[in-house]
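Student: Chains as they are written, first to last, in this note's numbering: chain A, 1 to 390; chain B, 1 to 390.
Rather than coming from a laboratory, the hints here were simulated on the basis of the structure. Hints should not be assumed to be uniformly reliable.
One copy or two, either will do: identical chains are not told apart, so a pair holds if it fits within one copy or between any two.
In the EDC-like style, the derived pairs of lysine to aspartate or glutamate whose C-alpha atoms are separated by at most 16 Å in a straight line are [what the hints assert, rightly or not]:
(1) Lys264 with Glu40
(2) Lys264 with Asp134
(3) Lys344 with Asp152
(4) Lys158 with Asp388
(5) Lys251 with Glu40
Quick caveat: nothing in here was measured; it's all calculated off a predicted structure.
Number of protein chains: 2
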Amino acid sequence: MPSQPARVIMYTGAITGATGKVGHFNFAFPPDSMPLESGEQLGPISIAFETYGELNAAKSNAILVCHGFSGDSHAAGYKEGEKGAGWWDGMIGPGRAFDTDKYYIISSNCIGSCVGSTGPASINPINGKPYGLDFPLITIRDMVEAQRHLIDALGIGKLLTVAGGSMGGMQALQWLAAYPARVRSVIPIATAAKHSPQQIAFNEVERQAIMADPVWNNGAYYGGALPESGLGLARAIGHITFMSDKSMDAKFGRDLKSDKEPFKFTPEFQVEGYLRYRGNEFVKRFDANSYLYLTKAMDFFDLARDKPLHEVFRGSGARVLLVSYTSDWLYPSYHSQAIARAMKAAGVDVTYIEVESDYGHDAFLVEFAELTRLIKPFLEKSIKNAADAH
Amino acid sequence: MPSQPARVIMYTGAITGATGKVGHFNFAFPPDSMPLESGEQLGPISIAFETYGELNAAKSNAILVCHGFSGDSHAAGYKEGEKGAGWWDGMIGPGRAFDTDKYYIISSNCIGSCVGSTGPASINPINGKPYGLDFPLITIRDMVEAQRHLIDALGIGKLLTVAGGSMGGMQALQWLAAYPARVRSVIPIATAAKHSPQQIAFNEVERQAIMADPVWNNGAYYGGALPESGLGLARAIGHITFMSDKSMDAKFGRDLKSDKEPFKFTPEFQVEGYLRYRGNEFVKRFDANSYLYLTKAMDFFDLARDKPLHEVFRGSGARVLLVSYTSDWLYPSYHSQAIARAMKAAGVDVTYIEVESDYGHDAFLVEFAELTRLIKPFLEKSIKNAADAH
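Extracted from the complex, chain A is given alone in its bound form (with noise of 0.2 Å):
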């Protein structure tokens, strides 16, 4: 791919927490245009990423951490002024699997998002204003050419893993395909290399929940109210998808909300409450534009498309650990298992484990204990590979 080398890295705050050595940063892409999967271009473009660790002196023990949709670059510690700790924060840190002690944790927000990154609500350096639906579409290779940017900015030439879940999972898998030789490893979770039918029509009904929402204005609400009760909708949708039969049950049962309102469809039971709950949460922290293109850039995803999937992997000296999880019906195992039999079928070192868990999608963010006992020794591994090769 084209395009200037990067120019800007912006340092702008810290964070602080159980990893203690992390700093926050903000990267720039030069003015000129990137040019897309889909043959249009975009420009300028910014990543917003955190880091985690030091950089070794051999440059041989950086790990790049892809976050799933909704996801940004805070996975871990604590940012200045804020109090959430990072969406994998009992993964990232001192002794955890990614132990800041020994390696570099590289956490970038995709392009796309909202949350640091170029994005429909960037402005359009066209006409000034956000772009809204002028964003052009982007895809999961798109994001991974956009971090490979920053990785060569970083002056790293190969990392030592690309680890994430869900379409984390989808970028790990397409920098294996697309950058094999800057791989020393992948760690795609709770992932697919393309999304079926059922996948598909789940985010088109959340998509349809915020086109529906006369706010939406066909993309074009920057600057005024925003589609709120849409994207809170289209969330609670997700969230259902999330998690498992029996992780609702275990969570809720059909217990009924205390402040319960007289009967005319308000919240009854405590799961209903929760739902909105969340769908009101996430309207703060999340742009309704992003969301369609992101569930987007996920439905176009297939990594093979009309070759065998196999071929995709043939010559990867690259290590894998692949993850699913028994509950998980929003991307069952056996999208990992055709994964893993591709990947034997072309000579690539792969580690298939399915675990057990009732958090459904959302355990590869909270079941830490099984992960970690996985992803320890495969990096400890890795690392002795790395050394090896010097």
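Use these hints to put chain B onto chain A, whose structure you have.
Tutor: The following block gives chain B in isolation, referenced to the frame of chain A:
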């Protein structure tokens, strides 16, 4: 329950087709009101129903068939002037599972619905306007109570069986629990004795989709534009839950629509176009407020409440055929297994069969061969028992 016996049974048209001997009736209660489980009153009440076959002299061959929440009384054959066969036409007719040469089949529309029976679109006698949200909360018990009046009016003491899938299966269970002496057997299919949080959650986001449509106008939309956008979206979400991951994959794959428009979040994948089409078709025939009331009735259904489930079934002499489907993830088999265990504990003569199917919850509406194989001998034994009892 009090309330006067039904006075009016009005024949409104013929039904022809494979079944031959069928007629469509409209049934009305007297203008006084029926007490509801909520403590409120509802009246006057009408119930639309169809019958197929002939009631025998002993009135021992009557079968009540109960539809799913979006169904209607048109279960078999063809109505005058209409093209569509009834929703269980493959199950009802000469030589079919519900054999019209042997049995008298009654298919009743439930109250709360919008297809001939009293529901939120009916006229509220208090002000002469459609009820809208002034319609009282109705429950599965209320539906069965209204059906019981209908069965009384038809002069039938004991039903040979009550059969139904999904919400129809809840009614079959409620008949067994409320009127064990009035049913010789019941056939609950793809159903549950109480809704799980996941089932409530899906119904809730579907209700939210309707209520978020500004045209819904707090339920007071009659006589004006209908909340088609919200209702269509609710139905689209529902359709995902009715199908299985596998059946969606077989039907759509990742095929793109042939008339796909340029990228701007219009439907691109066939599955997206299908969901919008099904949503759009549905709004022509169903009332949005009925969708709210009937899904709420399902969510509130809890056959045992604070008792152990087996106590509900204790002392029942009725035989039970209980069916669930392997790929039905909306009403997973564990629901039926819990019912079967409770029935066994209560000494009920229950046969539980988990049928292998890829069709998900829709299976009871499309997989007729196996269901017919199960139901035929079950009914033959029931009718033999009925004859022996005489």
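Student: Determine for every hint whether it applies to the structure shown.
Tutor: Consistency of the hints with the structure:
1. Taking the closest pair of Cα atoms, Lys264 and Glu40 come within 16 Å of each other only across two copies (14 Å); inside a single copy the shortest separation is 49 Å, beyond that limit.
2. In this homomeric assembly, Lys264 and Asp134 come within 16 Å of each other (Cα to Cα) only across copies, at 9 Å, whereas the closest approach inside a single copy is 41 Å.
3. Neither within a single protomer nor between protomers do Lys344 and Asp152 lie at most 16 Å apart by alpha-carbon distance, with minima of 30 Å and 67 Å respectively.
4. In this homomeric assembly, Lys158 and Asp388 come within 16 Å of each other (Cα to Cα) only inside a single copy, at 14 Å, whereas the closest approach across copies is 82 Å.
5. Taking CA atoms no more than 16 Å apart as the test, Lys251 paired with Glu40 passes in neither setting, with 46 Å inside one copy and 32 Å between copies.
Checked against the numbered hints above, the structure violates hints 3, 5; every other hint is satisfied.
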